[in-house]
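> Top line first, the protein sequences correspond to chains Z and W. The first sequence: position 111 = 228 (the numbering used here), numbered continuously. The second sequence: position 269 = 317 (the numbering used here), numbered continuously.
No wet-lab data here; the hints were simulated from the structure. Yeah, the Cβ is synthetic: ideal placement off N, Cα and C, and Gly gets one too. Possibly wrong hints are sitting among the right ones.
Unchecked claim - Taking beta-carbon pairs under 10 Å as the criterion, some of the chain W residues facing chain Z (in silico):
hint : residue
1    : Q52
2    : S200
3    : G222
4    : R366
5    : I374
6    : D380
7    : A382
8    : E386
9    : D388
10   : L395
11   : H399
12   : Q402
13   : V415
14   : A427
Claimed, not checked - Anything over 10 Å on all C-beta distances counts as not near chain Z; from chain W, calculated:
hint : residue
15   : R60
16   : T65
17   : D84
18   : V86
19   : M89
20   : T155
21   : Q167
22   : L169
23   : T263
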Amino acid sequence: MNKAFEKIALIEGIIAAAFVADGGKLLGWCANSVISPDNLAYIAETCRAVLSASRAEQRAAQTGVVAFGNKTLIFRESEPGLFMAYLDSPVDDGVVTWLFGQVTPLLAEEGVKLD
Amino acid sequence: MLRQVLILSSQREYAQTMRNGLLKLDAKMLVNVETDGVRAMQLATQQYDLILLDAALDMMDGLQLLQFIKNQSPATKFVVVSESSEEGARAVAYQNGADFFIERPRTPESYDVALQALQGLFKTGTITGPLPKDVGTPPVSLIDILQMHCLSGDSILLMVKGSQQSGDIFIFRGEVFHAQYPGRGGENAFREMVRWDNGRVRIKTIKLTQAPPRTIDVPYRQLLGAADKPEDMTPQVEQQGGDLFVVASETTPTTASLAVINEAPPRDQPAPPPSRIFFPDPELSPRGNTALPQMNSHWRVTLTGELLEGSQVAEPDRCAFITTFIYRKMADVAVALEVDYFNELTLLGPHLQQVLVADNLGVRHGVFDAPWTNETMRAQYVKWCCEQSL
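Extracted from the complex, chain Z is given alone in its bound form (with noise of 0.2 Å):
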């Protein structure tokens, strides 16, 4: 899973990105900045709690995007566990599609499906 994480780093934009298994294990996790991977794997497990209580509601979601002023969390919740990135900037559709379409190969190389 690093070596996914290392390229991931890579992807304009990106602030930090991690992937949180089932159990709320971290599994992997990059960071350009001082966000501690603690903190990455509460957050996850936070946008998990959020997605689960929507499911509970009859309005079941897997992927959720956040803008928090300039800066984007965007997440995805998959059967191996929960995805997520940081981004510097604002994101429309267009820009999330990319964004999975960068990362998705990258974890499936590590034997994680995305979708």
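Fit chain W to the supplied structure of chain Z, relying on the hints for placement.
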């Protein structure tokens, strides 16, 4: 053990120095800083072992905030930080529920002393040790606490103390796995425990790292919904001295969130057909030039969870609850990322898309049918929200 700390202070320099000091004690510790008292009210403060709180915050009395947060976070320890060590300020802090009081450190030496004192506070072992006879926290609604942890997907052990007895409830990944107290275990124990002292008990929380043995298979919504219903609404008949007296059954008090639980269908059963309602706020007339796009439903809540208006809203209480829940979770994320709170959140699913638009006054929540929705329509909704003012 000190694992998660929140520093709630308007003094950024002090907060940063204290944060660095705490991280020197334990680099694995999660230390968050919040400078805004109003935003702190939205945080899930139960997660923190320790909250360092200024006695006076910008725009808010820290001691009043302490009372508010303490009711939500009975297991958290609160340390009030004051500009003065004057005895009156100390007494007021303790009266408002502080566990400890310190004067704001200003020199490296005084920071060291303060940090040692905080460490000492947690070496007494009240978190990991056995439940003390008097836990010193006010009683809380057990059902509310259970629902919050289940909805958050937490894995925790709740040590529950009623006036007569104490027991344990194990929650793993948001489901109630096991309950026990002397002489009883499993679902029966759970049903009894939620009725102890009319549901108002003292609680300590411990995080679980491994799955506990499972004796309860019922989904938590069903379990909590059933637990809230009185066992028998039939008046009890007691015989006293040859005469019969009819005694009304005691009913458990119902809170707003309990009402939400009762409405909630179990997760594994289809939801009943929703009764759509429309209730625009008559005080508000549409503003701006942007038309509301075609959407499934939308509503607006205040940051305290009050539903103000909406359209095509099925189960208003539940809608308000979930919006507030998501807002609070995202507030936690913002604090962890050390950024301002979110402006927009989009949740994309196979059948529905949701957009939440927030500011410091409230949140608007819109639901779209995924097949008929595109990015332009979501952007139009965001623009409409901004024109209406939150």
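> Indicate, hint by hint, whether the structure satisfies it.
To see whether the hints hold, each was checked on the structure:
{"no.": "1", "hint": "Q52", "verdict": "holds, 9 Å"}
{"no.": "2", "hint": "S200", "verdict": "holds, 5 Å"}
{"no.": "3", "hint": "G222", "verdict": "holds, 7 Å"}
{"no.": "4", "hint": "R366", "verdict": "holds, 7 Å"}
{"no.": "5", "hint": "I374", "verdict": "holds, 5 Å"}
{"no.": "6", "hint": "D380", "verdict": "holds, 5 Å"}
{"no.": "7", "hint": "A382", "verdict": "holds, 6 Å"}
{"no.": "8", "hint": "E386", "verdict": "holds, 9 Å"}
{"no.": "9", "hint": "D388", "verdict": "holds, 6 Å"}
{"no.": "10", "hint": "L395", "verdict": "holds, 4 Å"}
{"no.": "11", "hint": "H399", "verdict": "holds, 7 Å"}
{"no.": "12", "hint": "Q402", "verdict": "holds, 6 Å"}
{"no.": "13", "hint": "V415", "verdict": "holds, 7 Å"}
{"no.": "14", "hint": "A427", "verdict": "holds, 9 Å"}
{"no.": "15", "hint": "R60", "verdict": "holds, 16 Å"}
{"no.": "16", "hint": "T65", "verdict": "holds, 16 Å"}
{"no.": "17", "hint": "D84", "verdict": "holds, 15 Å"}
{"no.": "18", "hint": "V86", "verdict": "holds, 18 Å"}
{"no.": "19", "hint": "M89", "verdict": "holds, 18 Å"}
{"no.": "20", "hint": "T155", "verdict": "holds, 26 Å"}
{"no.": "21", "hint": "Q167", "verdict": "holds, 19 Å"}
{"no.": "22", "hint": "L169", "verdict": "holds, 22 Å"}
{"no.": "23", "hint": "T263", "verdict": "holds, 21 Å"}
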